[in-house]
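Visitor: In case you want the letters, here they are:
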Amino acid sequence: MEQRKKLQQQNKPMKSEENKSLAEEKTTEGFSYFARVIGELGTLTGTNDKLNLLSHFFSKANEKDRVWLIALFSGRRPKRPVNASLLSLWASEIAGLPPWLYDECYHVVGDLAETIALLVPHSETHSQLPFLFEYMNLLSELDQKTETERKNFIIENWRRMDTVERFVFNKLITGGFRIGVSKQLMINALAKTTGEDASLLAHRLSGHWNPYQVTYEELVLGKGEGDAYSRPYPFCLAYALEVPASDLGAPEDWYAEWKWDGIRGQLIRRNNEWFVWSRGEELMTEKFPELLPLRGFFPDGTVVDGEVLIARNGVPLPFSLLQTRIGRKNISKKQLTEAPVSFFAFDLLEWKGEDLRQIAFKERRRLLQALYENVQHPAFLMSPEIIYSDWEELTEIRQRSRENGSEGLMLKRKSSTYQTGRKRGDWWKWKIDPMTIDAVMIYAQKGHGRRSNLYSDYTFAVRDGDKLVPFTKAYSGLTDKEIAQVDNFVKRNSLEKFGPVRTVKAELVFEIAFEGIAASNRHKSGVALRFPRMSRWRHDKKVEDINTLGDLKNMLKIYDAVREEQTRDARED
Amino acid sequence: MLIEFTDRGLYCRQGEFYIDPWKPVEAAVITHAHSDHARPGNNNYLCHDRTLPLLRLRLGENNYQSVPWNETTFRNGVKISLHPAGHIIGSSQVRVEYAGEVWVVSGDYKTENDHISGAFEPVKCHHFVTESTFGLPIYNWASQKEQYQLVQNWVQQNHENGITSVLYAYSLGKSQRIIKAVGELGLPIYAHGAVANVQEVLRNDGWDFPLVRRVTKDIPSEHIRGNIVIAPGSAENSPWTRRFAPYKTAVCSGWMQVRGNFRRRNTDAGFPISDHADWQGLLDTIKLISPEKVYVTHGFQSVFSRYLNESGINAAEVKTEFGTEEEVATTEQTDEV
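Those protein sequences? They're chains A and B, same order as listed.
With the numbering used here, the residue at position 327 of the first sequence is 327, and numbering never jumps.
With the numbering used here, the residue at position 87 of the second sequence is 87, and numbering never jumps.
Some hints could be false.
To give an idea of the interface, some chain A residues facing chain B are shown, with a C-beta separation under 10 Å as derived from the structure [stated by the list, open to error]:
1. 45
2. 80
3. 97
4. 98
5. 109
6. 451
List time: in silico BS3-like cross-link candidates among lysine-lysine, alpha-carbon distance up to 30 Å [what the hints assert, rightly or not]:
7. 491(A) x 319(B)
8. 481(A) x 319(B)
9. 248(B) x 481(A)
10. 319(B) x 497(A)
11. 79(B) x 491(A)
12. 192(A) x 248(B)
Calculated directly from the structure, the hints in this document are not laboratory data.
Note that the coordinates shown come from a computational prediction; the quantities given were computed from them, not determined experimentally.
Every residue, glycine too, gets a C-beta built ideally from N, C-alpha and C.
Assemble the whole structure, with the sequences as input and the hints as a guide.
Guide: This is the structure in structure tokens:
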């Protein structure tokens, strides 16, 4: 029992640090402070509380640590110095647990960093930890070390940390600070701390910068903006239209175009250099060599906003083809022929070095049209304007979105300026209703994050004769209450266990909604869906009533036929 | 086998009685008053003295017989005695002996002494039936003192900001511990009806808990503001809770050890305070008793029994209907019972 007492002291619950108030904090130094802020941010429910906590960090923490917090929260994660399976192996080793038991824990916790944080016993003495930036440097040097050296470094640090610190340290290694703080919230906190304008800050933080080198002053206060010319403007984002379009007022005040399902991007020509940025602020210049020839047509000081799409003869092709291009470093010749990209331009943000964002959309569009007419390159297309006279007509046109390879309409107020981020009122996306199919759940797996230890990730099947063929997974669409009910069903109706996956009695029927369908030879069913989710729990339907593989193939045929025809038409034109 | 695992519950054929049966039987020995262990419809109940008034509260009048801990009764030659399980008030392990064979059915148990439920007593036996609610190595509790300190700090800070602290805790068991812990702060404590009912029964049974006031419509809101409200988890997100604005909420439950569980509750705080043994507590107990065989019931039974077997302890997984009742009722794995 003596030993037991010790153990209790060692394993402080994660909440212990998180519930401390800011007033109680004695130290605002080093990694411990960063870890406490991260821990607390994950539990705060009020936006204002989060804002205050971040703002406190931005005024108190070491300046280099501030830069790293900005980097991590805007998705600038360094390369993983150690992979997840090694971390898991070392953790189970020092916790004295067999690997299978470690795996069970992982599936219940649903988060690798947290699993390790909970399992690793740490030493009694809690020593002063280095700064966050020092850890980042140490971690980046790990890839030049031997595996034993890496292991020693990681384990030694696990042992000297408390549970929250260990959790955050692991997150630095595994990446992904998805803890309920949006980039915008972080920018607002910076604005509050520095008194600088939020959209100016958003611009400074966009694009390419190196958190190992840049100073807080350079990054946030804009001192010495050497490579600022490479940066994209913060993207203007649209809200989903939830009211009838007629509520927007006079149709002539609005400009309509197709909503494309590709990668939103900006083309930038400045200082005689060429940049292609994604909305996720990833530099994609090298990924899309097809767009490179456009540089010759763009005068210096030009920024165009639009969508990167796979298209042939100006007709967009399914998103699944674009997926073959994302995440590849080296693009093969085959890919370039099979999945060539084009840029569908819809806005002009800078022209001859002048920022156009404050002038009206209508005017920007006119200038864009002029640029387009000069470019004359098949990879540069104008996202066409949809001509309509009243809302009724536009509603009808919207029904033809899919035939046009789009997922609905975009409505933009003709008089609007180009806003930073998601602002309500000037840009609306008006998507078409998704396609749906009724399917039965056959496998379930426990979720992650706030769905840990809950069966929330499901695989669905359609009928094929007397067999059930799995065709998609879906994770979203159910309410927390429904998930709890399904979780309960899974626990009572598991048939077999394959690692974390349970096969369950084929009984629960759901309507699966999706935005697109494409042929796939990687899937047993022969199809791959775009954005599948559970749109309804069909309590009224039995497994006999679900759709068939034939139904799914029919959808694919119709969907493909339209595209084929379009492509052919375009070629003939 | 002296105890059989049947579809009505754990059955002692020789003594013709069941322990915590989930279907009505002639004679039932009840480990404790939680609803998945003490169910209605049995003709005769045997329980601990402290459990008796709680059974009356929850099941109404029945044929009850109650005994103190360590007192022996006989049924058809089978020796039965109750021993403290440390889970909630009156919670008992049932020791059953016949012809030299000893079984202990632990019900739910907690190894750290909460100074309310009675200190858990390890009882030597050949066959030990254990729960496994938190039978995973990620579940290791801080000491009770540390746990309480966190709750007290949180309540105190809310109080200083003029904010009411709403603490969600299971009405029987967790609530009493929380009332005792926050009672040290000397702030007025208000209680949801479900909690107030239990407190009333306990007070009549001679327990001396800090005074709690039942929340009623005629209590002016400024009396409650900045003070403490104890409520069952079912009151979460209800209009009942919203009347306390401005308030902050916290869940007191062992499940709060894992962030995901806490985050989906959407409360302001989560305190991992449990009435069940943690991983180390389960292991220490089993090593101390060193039975010939361990039967693992409700919780992580397959994981825990596999681990025991790999550690050289003969163990088997047993399917029961314990630990499920509340999950169904609230469709959330939150109230440990």
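Visitor: Look at each hint and say if it fits the structure.
Guide: Quick rundown of the hints versus the structure:
1. 45: Holds. Min distance 6 Å.
2. 80: 21 Å, violated
3. 97: 6 Å, holds
4. 98: 7 Å, holds
5. 109: 5 Å, holds
6. 451: OK, holds: residue 451(A) within 10 Å of chain B, min 6 Å.
7. 491(A) x 319(B): Holds, at about 12 Å.
8. 481(A) x 319(B): 26 Å, holds
9. 248(B) x 481(A): Within the cut-off at roughly 22 Å; holds.
10. 319(B) x 497(A): 17 Å, holds
11. 79(B) x 491(A): 37 Å, violated
12. 192(A) x 248(B): Cα-Cα ~26 Å, so holds.
The structure is inconsistent with the numbered hints 2 and 11, although it conforms to all the rest.
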